[in-house]
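Starting from the given sequences, assemble the full structure and let the hints guide the process.
There are 2 protein chains.
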Amino acid sequence: MSAPLYIALLHYPVHDKNRKLVATAVTNVDVHDIGRLAATYGLPGYFVVTPVEQQRALVHEMLGHWLTGEGAAYNPRRKQALELARVVANLADAVDAVREATGRVPVTIGTSAGPRDGMVSYPEMRRLLDAWDGPAILALGTGWGLEKQFQQSLDYHLAPIPGLADYNHLSVRSAAAIMVDRLLGREYSAGER
Amino acid sequence: MSAPLYIALLHYPVHDKNRKLVATAVTNVDVHDIGRLAATYGLPGYFVVTPVEQQRALVHEMLGHWLTGEGAAYNPRRKQALELARVVANLADAVDAVREATGRVPVTIGTSAGPRDGMVSYPEMRRLLDAWDGPAILALGTGWGLEKQFQQSLDYHLAPIPGLADYNHLSVRSAAAIMVDRLLGREYSAGER
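Taken in sequence, the protein lines are chains U and F. For any residue, its number in my numbering is found by taking its place in the first sequence, counting from 1, and adding 83. For any residue, its number in my numbering is found by taking its place in the second sequence, counting from 1, and adding 83.
Note that these hints are calculated values from the structure, not bench results. Certain hints may be false.
Same chains, same names: a pair is fine if it fits in one copy or spans any two.
[Said to hold, decoys possible] Quick list of in silico lysine-lysine cross-link-like pairs, DSSO-like style, CA-CA up to 30 Å: (1) Lys-162 / Lys-100; (2) Lys-162 / Lys-231; (3) Lys-162 / Lys-103.
Being a predicted model, the structure only gives us computed values, none of them experimental.
Dropping the structure here:
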């Protein structure tokens, strides 16, 4: 794999369980788990995306605890993971940040728990990322998923992780882990640590 | 896939970050996320394993909220996931429960973030489960992982999910999600919901 893959965890524009358009609150465990996932799979970074200034301030405060506060001394491993986090207001800001870091405009990849027209399978997306050889952003929605119009503004859309007919409700943390493993995962080879 | 796969989330015997043998506290988000994972992938159940009676009581109280209390009305989807949880004192009790439910003694599969002698790759374990065609329990340790002697008492041991050389610290929630997807996951096929 050659394309640097970033994750964007979006708290807007997403649906709530009644299909209303909302901005969800940031969940600390998402920020931790996705940071640990990013560090384990060698991602260059991930974005916590919310237009709510107060929410961004809260995330910065939490990150400060682990990056420079008591938490950094208590658990340096967690610091390594959370150093990969960036807090931005919207996906366009994440795209800008990736362009500045890599010198190229990233492709954006949407995700959802249900099917979409023109969606791309995991093996196919893995091939596309290899061929593209540039940066990409995997966009995940919190709450009950990314708003439809917004989804259509993205370059690609991944096929859902299939669940049972009457239940397909992974946490966004679990979905992120499975998606990154499907796109970048490999088997352990003898001799590595 | 034919073998019914159960998950056991062990809070003892595990190591803490100083390699001390401890019983960790149950983390509610683990119980939720693994329940949602189990429901999405069609697992018959999962076990929250702790020898600490007070911890088991706390988990029962939390489950009660979502299964029969306010939570059941607020989010019936969460009820569907948490209905799959069983709270037991040790892995032997989980093995007994599976034997009673299925009429067969399950094979036990250990996991860790580092390599072990005789470990089995994911594709190989997938084949083994197909051939075995009976129940299996995937045992995951909380904290800093399952105690070594205990690991050796299990029937199989899965190869680690490879991370970077200097970082391999997924949350147990993320690890469970990736492992279940590697053992049971499939691609979405057109036409399914």
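Hint check results:
In this assembly of identical chains, Lys-162 and Lys-100 lie within 30 Å of each other by CA distance solely across copies; the values are 15 Å between and 34 Å within a copy. Taking the shortest Cα distances, Lys-162 and Lys-231 sit within 30 Å of each other only across copies (27 Å), while inside one copy they are farther apart (35 Å). In this homomeric assembly, Lys-162 and Lys-103 come within 30 Å of each other (Cα to Cα) only across copies, at 22 Å, whereas the closest approach inside a single copy is 36 Å.
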